[in-house]
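Since the structure of chain A is provided, determine the placement of chain B on it from the hints.
Number of protein chains: 2
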Amino acid sequence: MSITINDIAKIANVSASTVSRVLNNSGYVKEDTKKRIEAVIKEMNYIPSAIARSLSKSETSTIGVIVPDITNSYFGEIIKGISEIAEKNNLNIILFNTDNYLHKEVNALKLLKEQRIQGIIMTPGFGEEKFNDDYINTIHNLNIPIILVSADITFTNLNGVFVDNVKGGFEATNLFIKEGHTKIAIITGLLSSEPAMDRLIGYKKALEINKIPVEEEYILSGEFKLEKAYELTKNLLKQKDHPTAMVVCSNMMTMGVIKAINEENKKIPDDLSIIGFDKNEFLDMVGLNITYLEDCPVELGIKAMNMLCDIIDKNGKNEVQRLTVAPQIIIKGSEKIINK
Amino acid sequence: MSITINDIAKIANVSASTVSRVLNNSGYVKEDTKKRIEAVIKEMNYIPSAIARSLSKSETSTIGVIVPDITNSYFGEIIKGISEIAEKNNLNIILFNTDNYLHKEVNALKLLKEQRIQGIIMTPGFGEEKFNDDYINTIHNLNIPIILVSADITFTNLNGVFVDNVKGGFEATNLFIKEGHTKIAIITGLLSSEPAMDRLIGYKKALEINKIPVEEEYILSGEFKLEKAYELTKNLLKQKDHPTAMVVCSNMMTMGVIKAINEENKKIPDDLSIIGFDKNEFLDMVGLNITYLEDCPVELGIKAMNMLCDIIDKNGKNEVQRLTVAPQIIIKGSEKIINK
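If you read the sequences in order, they're chains A and B. Just so you know, we're using our numbering here: the first sequence kicks off at 1 and counts up by one. Just so you know, we're using our numbering here: the second sequence kicks off at 341 and counts up by one.
Source of the hints: derived by calculation from the structure; they are not laboratory data. Beta carbons are placed, not taken as given, at the ideal position from N, Cα and C, and that holds for glycine. Warning: the hint list may mix true and false statements.
[Stated by the list, open to error] Derived contacts from chain B toward chain A, CB cut-off under 7 Å, selection only:
1) Lys350
2) Lys420
3) Ser423
4) Ile434
5) Leu435
6) Ile598
Isolated chain A (complex conformation) (with noise of 0.2 Å):
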């Protein structure tokens, strides 16, 4: 009694593949053979899973979106960039916070590999662990679209929109040694992060190619965390001879590196000239003018999604995208050398 394919075709009077490429909306049916095929279709309520499958999927256009951390306005202005683009193709999003946490990235992705998904936008986290099988597996059996967004994974070969942070590391210190700075220290994030890394490799560069021997105690874990840069820069200061010059890898850092330099009574950038990552309109308001290189958190989120549009559209049969942006370098005065 169970309906087939074949019953439609029989009923409508065309061939079985005919009744397919109506199913499934693809290549040519004549437009009075398809509204024929469609009435049978309803008239004997014949829905293979396929088609509920793919009825459903009309219904529910989502992709998913992972970020290490919601509260954190950088991840807030990627989301942003991101729903623009997504309200405009009638795409919701589902939210995930990791709270940079491994497992729930990797638990974020497995309920969403679950869901009917069209694909999934993500910034990994920063944690320390993240050549995990469990993880680069999860990843490599998705089979739903996937764009990396600001920060990549190591073994994978993923979609993404990434930012140029070997170049930022770079002109961050090459603009410190032009001012006259010889000694340079670096806050950087976890180095299994990718940004970090890479900030480290372009202030080592800069530092090589200006035959500035890498000081290896000039070169500060502070793990992207507040209150880690305020602790290492307490202890930096209370140094007789501390370096005149940092260079700190992102805006949660730069918070702890001002708040310890506040602390201390000591001065920007007299006692200490910083150059930070991301920017903060914040510290100009009060007065701190902080150079650092922007990589337009918003703009990434657009790219991100327009990737992922072009991906869906393409029905996942295209090359990889990977797209790298080059931060710029906005100059505000903090990475001037006052004391030698």
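Below, chain B alone, put in the same frame as chain A:
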């Protein structure tokens, strides 16, 4: 040729209402009868829309979250609280960012109504044209549990977790009066927003109780916008006999006020005492100790999500739940009077 519930009933040799009970999984049906009916349904490939709907429902356990500004960390923190509890309850979050546009809010509500979601948590925006028929009708016709968080909507009586903003406005103003201020201004949001209106009511109440006349020119509409608060404060500071104190009704506006004070080379609280709303860790870090009213957005998110879970458990058959949290005043010194 269309297969109906009666066809299934005939083949399974039961009544149509028994089939219905199996389809809806409601009411008692003998186990072997149920199995027989299910076999027929499967054989006939019968999928009425209701079933299709309930099938998908169990797969996509989602709630909708609507916020007015995803780049403001206040809302990031609310979402953080919501996700913590959502995750524990295996609920996904579909996110909408409205950029404070009423039409985007209405659109988000309509889109969510079409989805098979379990409920909605929303912070209404603070646009000008709140009392719009389409808006109120959309909300009244949702038929999905909805929880408001942090801001109420006039003309509705919805579930929600609110902040006692009358108390907030009152306490801020009263603290200024205790310090000796008599010329106290307030920068409000748009008065079509409940929090803005409530804080103004509290402000007026404190003045009245203390027999200080309410001066209309001391009530400034900052529209919750940084730029607007900046301009208003610039103008205010240029007046010879300007107020000595100002209640600033949001963290974004506090930033605008500080920017203006800074540009005019004035000092807090020497030239203008201020009390803000919402925590801003950064202010402390740069040595600006601003007294503020704190309403713990992460906690609001947690409470809203717990309320939604409770309502889902009770299948929506419960009374309207409205919870009001008192804000806490965090005294830092910016309220002090220096020049009389």
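Hint by hint, here is what the structure shows:
1. Lys350: violated (12 Å)
2. Lys420: holds (5 Å)
3. Ser423: holds (5 Å)
4. Ile434: holds (5 Å)
5. Leu435: Holds - the Cβ of Leu435 of chain B comes within 7 Å of chain A, reaching about 4 Å at its closest.
6. Ile598: Holds - the Cβ of Ile598 of chain B comes within 7 Å of chain A, reaching about 6 Å at its closest.
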